[in-house]
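Trainee: Make the full structure from the sequences, and use the hints.
These protein sequence lines are chains A and P, in that order. Everything in the first sequence is counted per the numbering used here, starting at 1 for the first residue and increasing by one. Everything in the second sequence is counted per the numbering used here, starting at 1 for the first residue and increasing by one.
Since the hints were made in silico from the structure, they are not lab data. Quick reminder that beta carbons are idealized off the backbone N, C-alpha and C, glycines included. Careful: at least some of the hints might be erroneous.
Claimed, not checked - With the Cβ distance kept under 7 Å, some of the chain P side facing chain A (calculated, not the full set):
#1 Leu-84
#2 Glu-136
#3 Ala-177
#4 Ile-197
#5 Asp-220
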Amino acid sequence: MQRAIPRASLAMLLLAALMRASAAAPIEVRLHYAGAREDAAFLGVTQGLEEANLQGGFLGQRYVLDGERDARARPAAILAAIEEEALVALAGQHPDIPVFNLSSDSDALRDKCLTNLLHVIPSREMKRDALAQWSKLHPGSKALAQAWHPEFKKYSAEQLSKRFFKARGQVMDDGAWAGWAAVKLLSDSVARLGAADPEKLLDYIRTRLAFDGQKGIDMSFRPNGQLRQPLFLVEGGKIAGEAPVKGVVDIEDLDSLGSSACPQPDSQ
Amino acid sequence: MKAFFILALIAYVAAAAAAPTERVFVTNERGNTVSVISGSTLKVEATIAVGKQPRGIGLAPDGSALYVALGRENAIAVIDPKTLKVLRKIPSGDDPEAFGVHPNGNIYISNEDAAKASVIDPASAKVIAEIPVGLEPEGVAISPDGKQVIVTSESTNMLHIIAVPEHKVVANILVGARPRAAVFARDGKTAYATSEIAGEVKRVDMVAHKVLNKVPLGDDKIKPKDVLLSRDERTLYVAGGRADQIIVLDAQTLQVKTRIPVGQRVWGLALTRDGRRLYGTNGVSNSVSVIDTASDKVIQTIAVGEAPWGVVIDD
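Mentor: Structure representation (structure tokens):
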């Protein structure tokens, strides 16, 4: 205990020095997580929070996950790894707060075009399109389409998978990547906005976001709330290719995976 | 007369000791080697087996030592640029990538996996300071007067400005996604930095620590990496990554003047002291492009080792 005091005061000094270095006023960014804490998505969220706080240390921004007790207060964003029906209800209860879908790949959910529901995890349709592109070059392939693969090395993906494994003791899968990516894109947006009001964040994320998610390309959200993103084609547990598939479509054409428009614009 | 002769002899000996080798040194990240190119014949005259994953490369201020960061050995190799012998390896901290050599001889290096920059005194092989920075620190640039160091953090999207000798972060400039490399103007008041994913280059006021202007370099294929100023500081050269071109810009307005097609995934750049020749490493083509800066044309393409990364010229 006696040793903890000087260490804590050192941390305070360091924090104070970092705060002085920043021009922006200190901001606390409160996030709410809905879902099982045993879920890989939650591990991704935890990793994202740690990294957001590293960045926030330089900018005077602090990220906290709210607990059960203060869950009624208004968070800056909600991170959800829950089933489709509960997710729709949750998004409906908080129409001005960005709600991130970290686990459901339902196409019907995207078709609802809820303005505050943002799908970080790819849809079933995106995965189908990736496989269709792949099978044009590799007929009869038994590949699967995934959002992430721990053996992907380019664009600092290797560094992310490495630090996730080191800190959390398991490999980064799709859910873990989605959890990390949601917090990362949020904290990037807070850093650039210098604010954490949910309405401003939602508008920024929907209209101005350019986020690479360690996949090497600027990604953004479609009108239906789906994050445009490259996918990995995985065969026998190994990366066989990337989609958009080179030689079939332009590799920059992320809209070749899944629908880019809202089928029911009136329903917004 | 005798005194004059002795003075002349001393001057000759001193000049011989410091005489540059006119060699161009290239790290080959997957070849685990350094290719040694003769600056006059433009031929590879030797290949040095240096160690695992050589990336960042630099020279001591007096040209007496060549430093190479070895990512998988957590070390910096010290090479004699004349004899081409690896003299020793000094500990660098985790996963060293890019570094800069300070006018006082110290090495400022980014430790990508550890979110920090380390300051190494190569003479004592001791880490004399560690400075916490953002995630995935990458490029390092040192002002000519040695008072400011820029470390870019790729994942935190910042230029961290470190004051020397205090070794404190004094400013953090938020920039476009994945800042990779930076370079100072001679007066230290302006710097330039590239952002790989944002595909842009920016000019930064290093007194007010603000971005002055920035330009997108083209389409999504342009993933800029290294950046260099011409000797007259009127022209900026940017390695365009997988756009397979070096982009030549007006250093003031950042308007693109021309694009020089080179090999695949061009990353590292170096300019001769007279500013007449520019070298670029083509990571996928396993080659180095030599450019005549008067005509902005490639005059030679030299095959080197596997995955060339960085380049430095001893002239």
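Trainee: Does each hint fit the structure? Answer for all of them.
Mentor: We went through each hint and held it up to the structure:
no., hint, in the structure
1, Leu-84, "violated, 31 Å"
2, Glu-136, "holds, 6 Å"
3, Ala-177, "holds, 5 Å"
4, Ile-197, "holds, 4 Å"
5, Asp-220, "holds, 5 Å"
Checked against the numbered hints above, the structure breaks only hint 1 and satisfies the rest.
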